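*Asks:* Please build the complex by placing chain A on the supplied structure of chain F, with the hints as guidance.
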Amino acid sequence: MSDDITRMTAELAGDPASLVFIRLADALRRRGQLDAALTVAERGLARYPAVADAHDLVARIHADRGDGDRAFGAWTDALRVAPDHVGAHKGLAFLAFRVGDFTRCRRHLERARAVAPDDPQVAATMARLRGLEGDVEPQPMAAAPASPGRQASPAASVPVELPAPAPTDQATLLFDQQGRVLRGEARRPDGADASEVVAAALAGVSREVERAARLLGLGSWRAVAVEGGPVNYEIRGPTPETLLLLMRGREVPAGRLSRIADRAVVDARAWLEALA
Amino acid sequence: MQATAVLEEVVRVPGVRVALLASLDDGLVVAEASLEDADTSAAAALAARLVQRLRALTDAVAHPPLALVLVTASEGQLFAAPGGDGLVLIAVTRPDVNIGALRLALLDAAGRLA
Chain F
1 MSDDITRMTA ELAGDPASLV FIRLADALRR RGQLDAALTV AERGLARYPA VADAHDLVAR
61 IHADRGDGDR AFGAWTDALR VAPDHVGAHK GLAFLAFRVG DFTRCRRHLE RARAVAPDDP
121 QVAATMARLR GLEGDVEPQP MAAAPASPGR QASPAASVPV ELPAPAPTDQ ATLLFDQQGR
181 VLRGEARRPD GADASEVVAA ALAGVSREVE RAARLLGLGS WRAVAVEGGP VNYEIRGPTP
241 ETLLLLMRGR EVPAGRLSRI ADRAVVDARA WLEALA
Chain A
1 MQATAVLEEV VRVPGVRVAL LASLDDGLVV AEASLEDADT SAAAALAARL VQRLRALTDA
61 VAHPPLALVL VTASEGQLFA APGGDGLVLI AVTRPDVNIG ALRLALLDAA GRLA
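Chains F and A are the protein sequences, given in the same order. For the first sequence, the residue numbers in this note's numbering are 1 to 276. For the second sequence, the residue numbers in this note's numbering are 1 to 114.
Here chain F stands alone, though its shape is the one from the complex:
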């Protein structure tokens, strides 16, 4: 890898117009040299603003740096150049998934699948999405590079992957007041399923919140937000008989998490009504 980087660096120095900047920046990204990767990628992008792979790569670097907003912008730029860019659709699906916007996630995955029907990561993520939506058992989110799976382009030799999500720092879990899981899951950092433990721990907590709010003259409760270490939590009561827990990494600020929870409550109510 180091030899490759040295060679590509020399090649780019000899020919600044070379598209090797994409493979060089991606190699640097994979080595964790994100600042250097971004510098190379942005310089190349300035020269080739019509190359969707360059936008895609810049987005991946931003995603690796934890800058979801810039990643979103770069992937959106990639789609302006190439509306069927599989990598951009996968990336935007990943960002949507991270913030719990499953509708948008599904839309991008379907666009990606239309172009790359055999992409195993897209298939795995679709399956996981269905699991979270209650259709099938949840499956692990694809996390490792599996196949290129994107449209051919002059720079398509760069290996790409759906950016690895961190499923253990996000959860959407619906359960009843008796602590029985209805939908979704929550996992510990080691990947162990904590859904039932969480549901049991929080069973009936809304009654305590309701009582506290009433006795303190606060009226009817709407939400409980919890900040703790690397994650934020939000608890809602979609119906009097159920509770909804959302957990997201700290890169999702509490205010945004509250808006995500608003949508999740609507989804949960619709799902519960469909069951009835």
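Hints are computed from structural coordinates only; laboratory data are not their basis. Values in this document were obtained by computation on a predicted structure and should not be read as measured data. Take the hints with a grain of salt, since some may be wrong.
Covered stretches of chain F (in silico footprint by chain A; criterion: 3 or more residues with CB under 8 Å from a CB of chain A, positions within the stretch not fixed) [stated by the list, open to error]: (1) 175-188; (2) 214-223; (3) 229-238.
The C-beta atom is built at its ideal place from N, Cα and C for all residues, glycine as well.
*Replies:* Coordinates of chain A only, in the frame set by chain F:
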């Protein structure tokens, strides 16, 4: 800094009705600052109990202990920030409080009381 002085800084945030420090284990009031004649003992007991329940959540998912709890209700909010020595800092507010400002004030106060 004395606990009461810290609480008085919290209660100066516009919209805060009551600020108090309570024991997390038994929910008893340790110190308080209030702009109105409120039942601080109830707030202390209820908030301490709620924090205990929510600690079970962070334990269940094996994440670090919670730093702040915010209950949003139609007529106001309840904030609770565990500090050191088994204490919890609590604020009861009107609905129009600046949540961001109070959050920072509470976390700062909880840190100073640790």
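*Asks:* Given that the stretch 229-238 of chain F was listed as covered by chain A, double-check it with a C-beta distance under 8 Å for 3 or more residues.
*Replies:* holds (count 4)
*Asks:* Is the listed coverage of the stretch 175-188 of chain F by chain A valid when you require three or more residues with a beta carbon under 8 Å from a beta carbon of that chain?
*Replies:* Contact hint for the stretch 175-188 of chain F vs chain A: holds, 3 residues under 8 Å.
*Asks:* Tell me if chain A covers the stretch 214-223 of chain F under the three-residue, 8 Å CB rule, please?
*Replies:* Per the Cβ count (9), the hint holds.
Hint violations for this structure: none, all hints satisfied.
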